[in-house]
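**Student:** Given next are the chains, with one letter for each unit.
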Amino acid sequence: MDTIGSLILIFISAALINNFVLHYFVGICPFLGVSRRIDTAFGMGCAVTFVIAIAATLSWIFTYFILRPGAPLPGWVWTQLGGDPAVTINLSVLSYIVYIFVIASSVQFVEMYVRRFFPPLYKSFGVFLPLITTNCAILFACLLIMQNLADPKALWGLHQALALAVGGGVGFTIAIVLMAGIREELDLADVPRPLRGAGVALVVAGILAMAFMGFTGMDKGIETAFSSLLK
Amino acid sequence: MKPTRTDFIRQAWLVIMLALLYGAALAGVQLGLTGRIDENRKNETYSVIPTLVPGALQSATLPLDFTSPDGQDWRAYQAFDEAGSHRGWVIASSGQGFAGRIDLLVGLTADRQTITGIYILEQVETPGLGDYITRDYFRERFAGKPVEPPLAIVKREPRADNEVQALSGATVSSESVAQQVNRAVLAIRGYEVPPTPDPGQFPTLPAPAPVQSDSRSGDDV
Amino acid sequence: MSTTATKNAATFARGIHPGEHKQWASDAAIEVLPTPAALHIALLQHTGAPCVATVKPRDPVALGDVIGEAQGFISAPVHASASGKAAKEAMATLPNGRHVPVIPIKPDPEQPLSGRELYEDHFGGVWPTTGLDQYEPKAIADAARAAGLVGLGGAAFPTHVKLLRNEKKPIDTLVINGCECEPFLTADDRLMTEAPAPIVTGALLALHATGARRAVLGIEDNKPRAIASLRAAAAGTPLQIQPLETKYPQGSEKQLIDALTGRKVPLGGLPLDVGVVVINVTTAAALARAVLRGKPLTHRIVTVTGGGIAQPRNVLAPIGASFTDLIAFCGGLLPEAARVIAGGPMMGFAVGDLAAPVTKGTSGITVMTRADLAAADETSCVRCGRCVDACPMNLLPTRLALAARAGRADLLDRYHIMACMECGSCAWSCPARLPLVQLVRVGKLQLRAAQSK
Amino acid sequence: MARTPAEVLPTAPQQAGSPPQAPAAPALEVGPSPHLGTSATTATIMRDVLIGLTPVMVMSVWFFGWAAIVQVGLCVLTCLGVEAALTAARGRSLTIMDGSAAITGVILGLSLPWSSPWYVAVIGAAVAIGLGKWVFGGLGFNIFNPAMVGRAFVMLSFAAALGASAFVDPDALGVLSQATPLAAAKEAAGAGLPSLTALLAGAHNGSLGETSILAALLGGAWLIWRRAAVWQIPAAVLAGAAAMALACRLAGFTSLTVPEQLFSGALVFGAFFIATDPVTSPITPRGRWIFGVGIGVFVVMIRVFSSYPGGVMFAVLIMNAAVPVINRWTIPQPLGWRPKPQEAKA
Amino acid sequence: MSDGGPTAAERFINGILPENPVYRQLLGMCPTLAVTAALQPALTMAGATAFVLICANLMISLIRGLLKPHLRILVFTLTIATFVTIADRFLAAYMWSMSKTLGPYVPLIIVNCIIISRCEICASKQSVRVALADAVGMSLGFMVALASIAAVRELLGTGRIFGLQVLPESWPGWGIMILPPGAFLTLGLLLGLVEGIGMWRAARRRRREREEGKAWTPSVA
Amino acid sequence: MLTPITVTLAATTLGSIAVGMGWVLGWANRTFHVEVDPKVDAILAALPGANCGGCGYVGCSDYAEAVARGEAPISLCPPGGAGTAAALASIMGVEVGETLPYRAVIHCSATLQQRLKRTAYRGEPTCAAANLVAGVQGCTYGCLGLGDCMRACDYDAIEVVDGLARIDYRKCIGCKACAKACPRNIISMVPFKADRIMIVGCSNKDFGPVVKEVCSIGCIGCKACTKATDLFTMKDNLPVLDYDRYDPAAVNMQPAIDKCPMESLVYVGKPSRQDLAAVAAEDLPNRVEADFKTTVDDTEWRG
Ligand SMILES: Cc1cc2nc3c(=O)[nH]c(=O)nc-3n(C[C@H](O)[C@H](O)[C@H](O)COP(=O)(O)O)c2cc1C
Ligand SMILES: Cc1cc2nc3c(=O)[nH]c(=O)nc-3n(C[C@H](O)[C@H](O)[C@H](O)COP(=O)(O)O)c2cc1C
Ligand SMILES: Cc1cc2nc3c(=O)[nH]c(=O)nc-3n(C[C@H](O)[C@H](O)[C@H](O)COP(=O)(O)O)c2cc1C
Ligand SMILES: Cc1cc2nc3c(=O)[nH]c(=O)nc-3n(C[C@H](O)[C@H](O)[C@H](O)CO)c2cc1C
Ligand code: SF4
Ligand code: SF4
Ligand code: SF4
Ligand code: SF4
Ligand code: FES
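If you read the sequences in order, they're chains A, B, C, D, E and F.
Going by our numbering, the residue at position 71 of the first sequence is 71; the numbering climbs one at a time, nothing skipped.
Going by our numbering, the residue at position 102 of the second sequence is 102; the numbering climbs one at a time, nothing skipped.
Going by our numbering, the residue at position 73 of the third sequence is 73; the numbering climbs one at a time, nothing skipped.
Going by our numbering, the residue at position 186 of the fourth sequence is 186; the numbering climbs one at a time, nothing skipped.
Going by our numbering, the residue at position 215 of the fifth sequence is 215; the numbering climbs one at a time, nothing skipped.
Going by our numbering, the residue at position 7 of the sixth sequence is 7; the numbering climbs one at a time, nothing skipped.
Since the hints were derived computationally from the structure, they do not count as laboratory data.
One thing to keep in mind: the hints can contain errors.
[Unchecked claim] A short, non-exhaustive set of chain F residues, derived as facing chain D with CB atoms under 8 Å: (1) Leu-116; (2) Tyr-121; (3) Arg-122; (4) Gly-123; (5) Pro-125; (6) Asn-131; (7) Val-133; (8) Ala-228.
[Stated by the list, open to error] Listed next, the in silico DSS-like pairs over lysine-lysine satisfying Cα-Cα at most 25 Å (straight line): (9) C:Lys-444 to F:Lys-180; (10) C:Lys-56 to C:Lys-138; (11) F:Lys-223 to F:Lys-212; (12) C:Lys-264 to C:Lys-295; (13) A:Lys-123 to F:Lys-39; (14) F:Lys-212 to C:Lys-56; (15) F:Lys-176 to C:Lys-444; (16) C:Lys-264 to C:Lys-85; (17) C:Lys-56 to F:Lys-180; (18) F:Lys-223 to C:Lys-88; (19) C:Lys-106 to F:Lys-259; (20) F:Lys-180 to F:Lys-205; (21) F:Lys-212 to C:Lys-88; (22) C:Lys-88 to F:Lys-205; (23) F:Lys-193 to F:Lys-212; (24) C:Lys-295 to C:Lys-106; (25) F:Lys-235 to C:Lys-88; (26) F:Lys-270 to F:Lys-259; (27) E:Lys-125 to F:Lys-180; (28) F:Lys-180 to F:Lys-235; (29) F:Lys-259 to F:Lys-212.
[Stated by the list, open to error] Just some of the chain E residues that point at chain A, by a computed CB distance under 8 Å: (30) Pro-18; (31) Leu-26; (32) Leu-33.
The structure displayed is predicted, hence computed values, not measured ones.
We treat Cβ as the ideally placed atom computed from N, Cα and C, and that holds for glycine.
Please model the entire structure based on the sequences and the hints provided.
**Tutor:** See below:
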């Protein structure tokens, strides 16, 4: 499979087949909390996609150059300090703390920047940014990328990391916008009192997850189909 | 009420101190536990080898990496017994099942003519259906099968030597397992055997590997 | 009644076929109501500002005297519809829910006009179709105003406002509305059949007043007699008679304009915005009478019909007569009568108190039996979409209703609730029997309340 | 011919000027306009759907015998029972007579294999009404097609009982011994697919209701004629599926021809009876097209690419979820709507 | 306590039911859904969360005097991330297979809102004793929630509890309960159940009060 | 032997990332600073800052702004719980000002039977809808009894009994929701200075004879009450009670009640001893108080 094909597969897989929300259960808090109106949900989805992309880029850079076992930067420092070049330095224990730190700061930076220079954009999109800092979808994307960087056989490049990140973000957006539409509809429905709000929203999420199970195995299917096409 | 630069430095000292402290603490944890974690990771595969190759010793295992003619990378293990004689092979294989990737190990006799068993390392097949590929009764259907002709999945009692009965209702997963076994067997059979190493070196395993597939095991510091 | 459905007759999109039910009174010639014992003339009978009474209790009044003065431009005076004595101002609740002051009049036993004379005074005599240019356009509008003329087709909008020329928005087409698409009602049909001449004359006067180049009379093709008699009367005049498909609400002005000219009146706009003026046939006849004979609007034709009335009729009744008077004149209610409606069954208002007076806008009294009324109880909306397929305004009635129930003004606005003309096509089609129109009305109030905040 | 007023003067005595006698008042009532309504009710629509389902039911009994009767019967009884119990629990008036729960039961029953054990039908039906309908507030409020929610639940729960091998009875003769067309197509590219005539007539294995395409078309035509279902949705489903099938065929992703795709599996049955469920399909005219095409495309996509042989259920559920958004995007413009003044106001 | 907030005992009790993090506050939903396919991983997760929560609460409470309002969230996050890493490494070292089952959900504890909100609401304001009680209470609440969901899913999905057969062998496992949709459905229905019980009890209390004709409280404030 | 170096390396890596990021943020904070409403800042500081979205707003600052604008209730933050709500209340409280014990009263006291010229009504069973159908009942001013106010009340304080809405003053907190919901505008907020106060229980502005046709107890505008006490003035044929001067504890209204030929002056609030006795004797008095329970019979209204 060529590179473009593998990127598309990573993307589709993250967006539909293994949807972040409906398959991996990450980003549930905003999925339930900010899904009351379609417009807000869409704004949230865009913001998450954007932030995942930024976080993925930064964490890829940090992981690739500093944190992964045998990363070049600490290795270089190590040899400068006179260490044995044969020894691989492994700072991966710092990964989590660095990711969360990087995510938080970059989000805050972007938020301040947008707020200062693009007030209208801030109104429609920037307001979501702080909420995203503590959203597990972002950290989860970083962790997936870390896993794929830790395996020297895979050793993802930045483009693959971004395909995953954007796919995950788009999948999140699809899920939350569908959810918001449904919840706007349920506002008008005669839902039994105890289930109003989160209860029925979770049931809807469950049925959505059932529906998305229809994509099971589609990555394999598309891969086979396209490889036969290329032949 | 614009914040100033000095404000920031004055306020941030706690954060910086904590960062240093936490960094040091984590490094300590890392140092203390890495050995164990690596051991765990390795054992995941190594502990299975004696079950796939009867008589083999867990510690007497030699990992080998090679590339088959079709460009695929493979990892195989040469399993030896206490006496240091070569008892069999174990090859790692993986591929798409019904719902996702299936990773498995295939055991072969030393002459690479008979399958001694399979073991599923990772799978995400449907619970209660496809995930029965991990059950012993299904794995046992592979033990003792010849490597030639390739295995075929059938939905009834096997009639030929190379036939394996599918899990009922999970043909796709069964088929996937069989295909991976076939591919792994094909690869290892085409592999030119390196000279049998000197048995004396086993206790110092893991052997120096050209490429370490295990991710975080490089830190010897 | 025979229905000659002309294939490919011009019409508008969507709409419904609720059944005509015109057989009750379509053959009953117009009769004159004997002067009732008491009249209650409402001071607000039109869209716009209410009138101020100009008579004091116990003042004698003569037929046609002004008793309420119009206030403001969009308003029309009211006149005494019988000679007699005025009484102390009282209150009455009109069928449309307005709680308004009324002037009671006790008619004299001897009336200047009654019976056949009154009929002849309204519709008989000669109605010229030429030489009408002698009237100034402005004078025609003024005469309409002085006569207290308001739209008799339903909305009761003061007619003189429509007739006045507007430099910025010139009129090129005058539409005379003879559709009478409401089931049951036959007043316009009878007038067009019996007395097409004043209609033609009124139409020509309006054509002259508005300065339009073209005059079309749209009429549903289920009234062949009226079409024939109008064609005869309009022969040789610029008035063109255009049969249309029998479909509800063909008579609604936006749909009628669409059917006749293909123009779409903008949302929130008036026919004026597309260069059209629409007036009803009865209004046209009354206009002719006001201009040529100087007679004010004191009587109107009311169809008293339906399965719950003993003798369905078309009655020329004085404004201010009570529903009870008319019903008694038509033989009274039958035991199976279940609902009395001011107007037709699609847009009319149910009347709770039969003492309510006839106003200029009362085109009919429909007495429905229990069998006519939608029998089943309300169930949940299953979103079958029949209301959507019916709505001539291309709205989503079910969404409007749900949003109104939930009190969601934002949704009401998003679904264009203000475009609804409350024609009732949606509610008629609804298998779940949702009171869609009522909910739309509630929703409009909610939206206004939310917007005024 | 106009009569003179004199001819029709009232026979009742009327003296001008005398106070009219108040008629002996029958009990009057008031209510909002319009005061007329069609004769159709929710129950009559549902009855039409049940009538439309009879050809399919007859064919399924013809092919599968008692199994079909038992399966559908169990589903219908459970649906009605659960519906009655839940409406009672909420203190609402009983709605089982409106027929919607019966339809859910019939459609669920027809979408199961002949062989599934009794608890599949019972659990599926209970979930259909409970999770598919009651949770949302009952008739008219559910977002997802109840029958498909029930089927998805049991399919994901008891995969073995609904998997391809569940359809096959090796000991039987005739169709029951063959794999379902789609499963066959999935396993061995195109081999073993029955002829088109067999597909149309229904002489092949499959879920109870999906075998005879002709029966489904017949019932569907009835639905459309009775206006119980809108015609746009089945048309759009079939068009979308045909387009996608053609694309996949041209690209060589599948060996099935377009007619084979259209006439195998539950596509036709689903297009006429499942996608058309008014409650869970869009209300706007344009939305119906989008919805239908979406289902058609997803069905073929799932068949061709995913691990499942059939995709009607998943496609319907996915598009059900999109209905609110579709409705929102396709609000029609009212007569006389012009963009300018609207924006100016906003 | 002199610091004005709720007492240690109140904090403790609140965490378990009245302010249950999952059922009442809807916090920490991601792990709640992800690891509750069976009881064992659920309880492990609850344990790991409890460890982090308790340590973080203690740490923050200790340094609460030094916190600057602007940077407090940063400090919380750093602290939590550190303890999470420690927990993660210990799991990998001593419970390898469980650590693999839980996968990325252990590091995701960092962004579990329960912990950060407890730091903010309690630990950064109240004494170590209260902070401890609070953390233990909340942890128990979280554990109760996870356990209840996992029990339902494991029981219906496999007929087992803690891997032990409870329902008859003939029980057809509801596979969906183990799959993602089952998590959402179970949590949604349990949430409705908890809410429903609450409403039913409130209604009953009101009815009783009315019947007893409780003292008429004057309307004048 | 290498241990100290690793520890140092890790610590310095983390430390330098921290310093670097911190510096960038500090710089950004200075350069991109935007002035905001100090109240928003105060609210933001009082919120947990978890940004969990539990409030339904997009993060803490969005919620803070909504609260500052007065659009959002103060009690929406789940992690913050009651403590945060109290803190927000104290920040916003400055705005709310002092609250008098205002309570809702319904200016109609005719039960279904006392309202005349009623017709069976078939339609949407809400007051807002029925109000649009003329002829539901004779009086176009009075209570319709379909309970819009009841549904608007979040505190369960209104019941409709005999087709008339009544308020339970043990529960009413004076939120005005009912007054906004009533399509007939017959609910007003009056200062409740004591347990029981008098209200004018009629809204019909018509002349006496017209009122008599539609209601058996409605105010006929006879002005008798204004003669009994100067607390009443007439407006639109109705007496208006001057609540600024009316002190329920001090003024004896009995003379006015005795003078009133109709039953338009009523007490609401805590039931009087006689009323309670009457209840005990199961003999409902004509002048009905706010807390006698039965439920509305919808069926009769649906016709
Ligand atoms: C919900 C569901 C899950 C399934 N999971 C698997 C699975 O994990 N592995 C598998 O081989 N087949 C699975 N199948 C069955 C396949 O759809 C297909 O029917 C089967 O592999 C064909 O094999 P059979 O002929 O033995 O039934 C599943 C089916 C369903 C409905
Ligand atoms: C739904 C609907 C149906 C109408 N049907 C008629 C009708 O049948 N005949 C008619 O003259 N006016 C009908 N009207 C009123 C017309 O829209 C228009 O107001 C009238 O024809 C103008 O004439 P007028 O002012 O002389 O009454 C209808 C209005 C609506 C909203
Ligand atoms: C209404 C209906 C919907 C269906 N939806 C699906 C579906 O979404 N996915 C699926 O795999 N089978 C579905 N089926 C069943 C398949 O069309 C058919 O039975 C299939 O070939 C059997 O293969 P399987 O059970 O191995 O999936 C449906 C059947 C019906 C009647
Ligand atoms: C044309 C038509 C198709 C229907 N299809 C379904 C269906 O596929 N599944 C179902 O559960 N109910 C169906 N119903 C019944 C009913 O609409 C459904 O139970 C509602 O979703 C319940 O609120 C259908 C009804 C009609 C009129
Ligand atoms: S016609 Fe009635 S049932 Fe059908 S969609 Fe409209 S409101 Fe709903
Ligand atoms: S929504 Fe309004 S315009 Fe449309 S059909 Fe209904 S009443 Fe008529
Ligand atoms: S007259 Fe007064 S008391 Fe009687 S119903 Fe009307 S408002 Fe109520
Ligand atoms: S007081 Fe107003 S809202 Fe309440 S029941 Fe009476 S009319 Fe309806
Ligand atoms: S716990 Fe996952 S987003 Fe909150």
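**Student:** All hints, please: hold or fail.
**Tutor:** Right, here's what the structure says about each hint:
no.: 1; hint: Leu-116; verdict: 14 Å, violated
no.: 2; hint: Tyr-121; verdict: 6 Å, holds
no.: 3; hint: Arg-122; verdict: 4 Å, holds
no.: 4; hint: Gly-123; verdict: 5 Å, holds
no.: 5; hint: Pro-125; verdict: 11 Å, violated
no.: 6; hint: Asn-131; verdict: 11 Å, violated
no.: 7; hint: Val-133; verdict: 5 Å, holds
no.: 8; hint: Ala-228; verdict: 39 Å, violated
no.: 9; hint: C:Lys-444 to F:Lys-180; verdict: 16 Å, holds
no.: 10; hint: C:Lys-56 to C:Lys-138; verdict: 32 Å, violated
no.: 11; hint: F:Lys-223 to F:Lys-212; verdict: 16 Å, holds
no.: 12; hint: C:Lys-264 to C:Lys-295; verdict: 36 Å, violated
no.: 13; hint: A:Lys-123 to F:Lys-39; verdict: 19 Å, holds
no.: 14; hint: F:Lys-212 to C:Lys-56; verdict: 24 Å, holds
no.: 15; hint: F:Lys-176 to C:Lys-444; verdict: 22 Å, holds
no.: 16; hint: C:Lys-264 to C:Lys-85; verdict: 49 Å, violated
no.: 17; hint: C:Lys-56 to F:Lys-180; verdict: 40 Å, violated
no.: 18; hint: F:Lys-223 to C:Lys-88; verdict: 21 Å, holds
no.: 19; hint: C:Lys-106 to F:Lys-259; verdict: 36 Å, violated
no.: 20; hint: F:Lys-180 to F:Lys-205; verdict: 21 Å, holds
no.: 21; hint: F:Lys-212 to C:Lys-88; verdict: 17 Å, holds
no.: 22; hint: C:Lys-88 to F:Lys-205; verdict: 17 Å, holds
no.: 23; hint: F:Lys-193 to F:Lys-212; verdict: 33 Å, violated
no.: 24; hint: C:Lys-295 to C:Lys-106; verdict: 21 Å, holds
no.: 25; hint: F:Lys-235 to C:Lys-88; verdict: 20 Å, holds
no.: 26; hint: F:Lys-270 to F:Lys-259; verdict: 23 Å, holds
no.: 27; hint: E:Lys-125 to F:Lys-180; verdict: 42 Å, violated
no.: 28; hint: F:Lys-180 to F:Lys-235; verdict: 22 Å, holds
no.: 29; hint: F:Lys-259 to F:Lys-212; verdict: 18 Å, holds
no.: 30; hint: Pro-18; verdict: 17 Å, violated
no.: 31; hint: Leu-26; verdict: 5 Å, holds
no.: 32; hint: Leu-33; verdict: 4 Å, holds
In summary, the numbered hints that this structure violates are 1, 5, 6, 8, 10, 12, 16, 17, 19, 23, 27 and 30.
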